[in-house]
Amino acid sequence: MRTVLVEDDPTVRENLKTLLSIYATDCQVIGEAGGVKEGLDVLRSSNPDLLFLDVEMKDGTGFDLLSIYGKLDFKVIFVTGHDTYAIRAFKYSAIDYLLKPVDPELLVSAIVRAKESIDLKEQDLKVTNLVRNMETDRSEQRIVLRDSENIYLIDTKEIIRCESETNYTKFFLSDGRKLTISKTLKEYDKLFEDQAFFRAHQSHLINLIHFDRYEKKEGGTVYMKDGSSLPVAVRKKEALIAALEALK
Amino acid sequence: MRVFALFLLFQVLTFCFAPGQSKHVLDSLNEESHMMGCINIERSDSLSLAVLDISIREGYQIQAGYALENMARNRSCEGQYQEAVELMKRSISYFRKAGDLSGEAEVLSTITSAYRKMHKIDSSLLYSKRIQEIGEMTGNVTFLAKGYFNHASGFIENHQQDSALFYSLKALKIAEDTTLNFLPAILHNLAISYNLSDLLEKAKEAYVKAEKAYETTRYREGLSNGIYNNMGRCYLDLGLYDSAILVYQKGLVKARNINNDFMQAYLTRGVGRAYWLKEDLDKAILFSEKSKEISRRSSLEGNLAVVLSNLTRYYSAKGNYRLAIENGKEGLTLTDETHNIGIKKNLHSNLSEAYEKSGDLKNSLVHLKARIVVENELQEAAKSREFARLEARYETEKKEAEIASLSQQAEIQALEIRQKNQGIVLGSIGFLVAIMAIYLVYRYRENQRARQQTELEQRFLRSQLNPHFISNALVAVQSFMLKNDSESAALYLTKFSKLMREILENSRREFIPVEEELNMLTNYLDIHKLRLKDAFEYQINLGENIDPEEDTIPPMFVQPFVENAIEHGIIHTDIKGRIELDFVKEDRYIAIEVRDNGGGFVKKGHDNGRTSLSSKIIQERMDLFNRTLKNKIQLVLEEIKNEHGEIKGTKVELKVPFSYA
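Residue numbers (my numbering), protein chains in the order written: chain X, 51 to 298; chain H, 1471 to 2131.
Excised from the complex, chain H in its bound form:
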């Protein structure tokens, strides 16, 4: 690993030959690029690129994030939303790495609108959800409101008016308590949500408020958000034709001032429709023709198709079938290219009517039939849209993962930019992979060993805390209590809990000082002695050459044999039991001998299962120890016999290696 670190250091140094650029300069360059954004795209882009390059090299993540955001905005203005989205994702990953949540929220807000423009509403909703999360995390209500607002915008595009209304109202609630510069947009969303829900009066009220807010804040997107168009339509739906015309005209004045043909075309068409509803045919045709002209001039095909459809109807009402049919046919040619089937349907419908009125029933029938075909197509399209929406929902989870991986992507991207020095980079990647592979293998083995160790530790713990021992101990405590001997109960409980603590601690250590092992054994033996009312006595002999504080041994290898001596030796004899433990230092081992005067190894009752389990675990522990130790643990079991060959007890000799603490 150290070699690799040196290698990286070398790389960084080679990149640092450019004179160090302070963050401050980068910030002002970013600012300049932002000002030029969408105006002088070329200059803005080249500034951003320079800032990005330096920021990555110097490791300034926030500056890199803003540079990418500026570039993304330029792509949005050019209508290249896909590229804008990619850049913004990279930008987000830099803000994430820097831990700059507010920077991230800003970019997220732009990314949601880009996705809406691309009609990828589910992606948009996903990102606006993230803005809300950031708002909640940081307690910043502006972000929260922005999250709600963008969420509402997404739902509006999806025609889910209930959700749109819900989130618009949530955003508005925050906006009422604080001053937000996008309050007009929130109100506008609210108005549209009401409008979609057919709550026209409420929608009208909200439109009026939104329009006023746009006026007072001079919010730059007021016009392009199409409030006048939407508001005019709402008035038309309400039957307030004159008010609608006023609204359209007001918008038109503003559109003309900034030479916005797009809005002019739409608004003029609106005026035409208003007059049509007022049954003022001449004016309806006049304004529609004007809209047609503007649309042609700026090749606004969407609007043009609608206007042509309208004109077909208007001329036909006027009795001018020739012009009606001319407009209708032009419209159809256009929709054949743009595939806007909704308008195609209207065109067929209007044309059929015009032919019928002019007495050309054959052509009328042709268009009537065509209309039905288109209508079916429309239904199919609606179905597949619904299907696509469901499908997109399934994709959501995938995208969430995508967001999570953005941070990692940033690292990879940084590497990509450095590909100018390809050789070194490729070398380092190869090196990294090799190191990773070695490291992973190492870690895998390490984990495996650790897992084995823990498993054994747990089983070991279980074997020590064998349920019989615990229930016996607790029976004894209960007995003292029933006899009102609270003093003994307390003493017993103290010893018991001390033993529990020692067992828990020692099960985790590989070697413990002989002294601690002795403490634990004494404690253990005392508990049994107390319980069995002094049915046995014990003695522990420590060899003179053992230093109990310095010499260490593997813990708790002796205790199971002591337990065996008590449970199977002492208890089954009628004479007073005696247990002796000798600790003797030999060469490289400490030999521990456990002797009892009980009934030998012949076991009685149904205990065998348990005993063998405990000795099986002892065997496993020994094996594991022996795998890593040079001096192996050794175990000798024998029965003590008198001169007549009768069994007089058991002897266990255990040789455990010792090491100095």
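Bound-form chain X, shown alone:
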């Protein structure tokens, strides 16, 4: 695969090149760049199959680069430090990423996935969403969800609530659809920390935008605007009230 590295730390570039020469001999590095502008030039002139892209660079971010480049005709693997902001963005769009320093094993599996399981259309959907999310407000974020057959692009504000079903999470959407995704509720609880979501119960995560009312009797029940109701864990009552206050 013809490979380009866009990464502002020369050490990381060196490391990547060495790792590729050892673990992924079919990747030939045909170009490299240390910033957004330089990167665009290299990409336009070299027409690669695979791009390793850093998130934070001197003259902008990797997201900026993709946004300017437009429709992608190559596969992208993101490389980042421990930036919680960027990592959340990747998770929202179900995009793989590598952490620095790069783990050779994860590098190999990321290349295999880029080569085989993701087609350009799917990548385009995800990256477009990533770029769009970066440019829009927190309350307007969209999340990429995937079940065994389909890929969905869902506005987080359209999610009424999520319910845990062992290792799966069931999403209840405002248009009445129900999606079952093979990730745990805990993962979404963590992901939606930047949203107005609240973990009311071990098996329930609710979007407070759709909160209707709380009834104290029978140990506490939350009613959502769609008419559904669910229990509130005893330990969560105070936190729920605090979260609702904060939302006002």
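Just so you know, these hints were derived from the structure itself, not from any lab.
Where hints are given, some of them may not hold.
Derived SDA-like pairs: lysine to any residue, alpha-carbon spacing no greater than 25 angstroms straight-line [what the hints assert, rightly or not]:
{"id": "1", "chain 1": "X", "residue 1": "Lys220", "chain 2": "X", "residue 2": "Ser198"}
{"id": "2", "chain 1": "H", "residue 1": "Lys1953", "chain 2": "X", "residue 2": "Ile80"}
{"id": "3", "chain 1": "X", "residue 1": "Lys108", "chain 2": "H", "residue 2": "Ile1940"}
{"id": "4", "chain 1": "H", "residue 1": "Lys2111", "chain 2": "H", "residue 2": "Ser1956"}
{"id": "5", "chain 1": "H", "residue 1": "Lys2046", "chain 2": "X", "residue 2": "Gly85"}
{"id": "6", "chain 1": "H", "residue 1": "Lys1953", "chain 2": "X", "residue 2": "Thr61"}
{"id": "7", "chain 1": "X", "residue 1": "Lys141", "chain 2": "H", "residue 2": "Gln1631"}
{"id": "8", "chain 1": "X", "residue 1": "Lys108", "chain 2": "H", "residue 2": "Asn2067"}
{"id": "9", "chain 1": "H", "residue 1": "Lys1953", "chain 2": "X", "residue 2": "Leu149"}
{"id": "10", "chain 1": "H", "residue 1": "Lys1953", "chain 2": "X", "residue 2": "Asp76"}
{"id": "11", "chain 1": "X", "residue 1": "Lys108", "chain 2": "H", "residue 2": "Phe1939"}
{"id": "12", "chain 1": "H", "residue 1": "Lys2121", "chain 2": "X", "residue 2": "Asp109"}
{"id": "13", "chain 1": "X", "residue 1": "Lys67", "chain 2": "H", "residue 2": "Asn1954"}
{"id": "14", "chain 1": "H", "residue 1": "Lys1853", "chain 2": "H", "residue 2": "Glu1627"}
{"id": "15", "chain 1": "H", "residue 1": "Lys1999", "chain 2": "X", "residue 2": "Pro60"}
{"id": "16", "chain 1": "X", "residue 1": "Lys67", "chain 2": "H", "residue 2": "Ser1958"}
{"id": "17", "chain 1": "H", "residue 1": "Lys2003", "chain 2": "X", "residue 2": "Asp109"}
{"id": "18", "chain 1": "H", "residue 1": "Lys1999", "chain 2": "X", "residue 2": "Glu82"}
{"id": "19", "chain 1": "H", "residue 1": "Lys1953", "chain 2": "X", "residue 2": "Arg52"}
{"id": "20", "chain 1": "X", "residue 1": "Lys236", "chain 2": "X", "residue 2": "Lys275"}
{"id": "21", "chain 1": "X", "residue 1": "Lys67", "chain 2": "H", "residue 2": "Leu1944"}
{"id": "22", "chain 1": "X", "residue 1": "Lys165", "chain 2": "X", "residue 2": "Arg52"}
{"id": "23", "chain 1": "X", "residue 1": "Lys87", "chain 2": "H", "residue 2": "Ser1958"}
{"id": "24", "chain 1": "X", "residue 1": "Lys165", "chain 2": "X", "residue 2": "Leu148"}
{"id": "25", "chain 1": "X", "residue 1": "Lys141", "chain 2": "X", "residue 2": "Thr111"}
{"id": "26", "chain 1": "H", "residue 1": "Lys2046", "chain 2": "X", "residue 2": "Lys275"}
{"id": "27", "chain 1": "H", "residue 1": "Lys2111", "chain 2": "X", "residue 2": "Lys165"}
{"id": "28", "chain 1": "X", "residue 1": "Lys108", "chain 2": "H", "residue 2": "Glu2109"}
{"id": "29", "chain 1": "H", "residue 1": "Lys1953", "chain 2": "X", "residue 2": "Ser159"}
{"id": "30", "chain 1": "H", "residue 1": "Lys1953", "chain 2": "X", "residue 2": "Glu82"}
{"id": "31", "chain 1": "X", "residue 1": "Lys108", "chain 2": "H", "residue 2": "Ile2045"}
{"id": "32", "chain 1": "X", "residue 1": "Lys108", "chain 2": "H", "residue 2": "Glu2037"}
{"id": "33", "chain 1": "X", "residue 1": "Lys108", "chain 2": "H", "residue 2": "Ala2005"}
{"id": "34", "chain 1": "H", "residue 1": "Lys1965", "chain 2": "X", "residue 2": "Thr61"}
{"id": "35", "chain 1": "X", "residue 1": "Lys171", "chain 2": "X", "residue 2": "Asp99"}
Since this is a predicted model, take the numbers as computed values, not measurements.
Assemble the complex: chain X is given as a structure, and chain H must be docked to it using the hints.
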């Protein structure tokens, strides 16, 4: 606090005017009281009271514990179990305070039997569990066995034969390996457990063994534990009537020898029943009448009611309906008082039969109906017993807490006894409360401050060890390794770990010598330099009037600004970077200036969130410091511009107070 200590000392002195009593004398007095226990109760009590008084005054906890135990035993003998239990709890608390586990175990063993007598089985089980714990803790198998034994006794009272059997066997296993003076009692429990489980042959075997053990050890409670009565019943159940009669008779001889009417009454009734089963009516009536007589003489109402019920049946079988009905009616009058509904049911049943046989069908029907009513009552009672048992189980947790608080109770009790000198005591309690209140408020504030401090410490630590710094450092190490430059990798890793260590240490201190701060900064700058392949150089100028070993400053206020100079100044310029640090002593401050030739404050990329977080924490730290310092920390940020107004770098001036180490 010192005033309070003096106050207490004064109190102790006033109490010490009595001539000092040695522990030895107290021990022998306790011994004497023990010997008199249950025999000469009055004398035993007065001895114990005296010992208790002196022991508390002199602070002899073990002696106080035994004195209370002696008093408790006397109350038990008088049948005042509630009072006995209270005294024993106090006794336990003294043994606890003294750390005397064996003393505690002894008392616990007595307390369990008192609770059984009061039919508070759950409490009994709770305390026998504690005996087992002590046995486990001390490795003393005797206590362990005693714990098991008392546990089994509790379960027997509760008619939980499976558990009773389990614990009896556990106790027996220990008893087989060691010699225990209560082995006969263990065997007896085992026998009863088998008996309750309807394993009659096994029960019989155990009874025989227990009886033999009682004989050989002359265990004093052999008779009062009722082994002959229980054993006789077992034989009856087995159909061995003659053997049963022999056992009853044997018990009777012993009971007569010590004039124990209670046992005589029970055993004689047993003989009567044995003859009834043998269908020897005359003898059955003879012995039952005898039991009736003894019961009347010693007002043993429980036994009397049963005997009367038996006699109703026996006379009715004999055809003597008049006597049958007479006995039955007397029995009913008695049970109306004692409310023993189990026997009441039998009486009605027997009376109904007697009337029926005598041809008085109307009265027969009356008693038959009464029997059904009583039967329902009995079922209700069983239900509510079950309910009570469940409820008691919920109470168990509460009681556990109660046990835990016994030690504290002891202290309060000691104070109570001193109430003879009420004025002083009340005064001291008031004083104590006031001191406590002041102390609690003080501690609360102290805690609050400490918590704030730790929280800041942690956040501070996080800000220094910012994830980017760590991942950058590790990327560099990985790079050296990939290039097989193990020497550089090792050097780098050493510097990195040294820095980590310094940061961890310094985050806990309020002031550190300037020298240590310099070491850390040099280390930090070197790491960046190594990573960025000498993209910058640095220089640290130390003012001549600073003594780096003696002058101290708050740690790590400078490092975030150095990081800023590198990450946002140097990296974004193409010329060779330069960072200068000046340490100058001014008046009451050490002024630290950080200068770089980078791109100024205008930040690029998406770093802003992180940078502002780190400077927010710097601000918080400054505020916290400034709250306690007379000379406040000051911070000045400015951009360095050339004559044309172009930004040529950044200057940070930080003034931190110094104090001498």
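Item to complete: Just pull the numbers of the violated hints for me, sorted ascending.
Response: The structure breaks hints 4, 7, 23, 26, 27; every other hint is satisfied.
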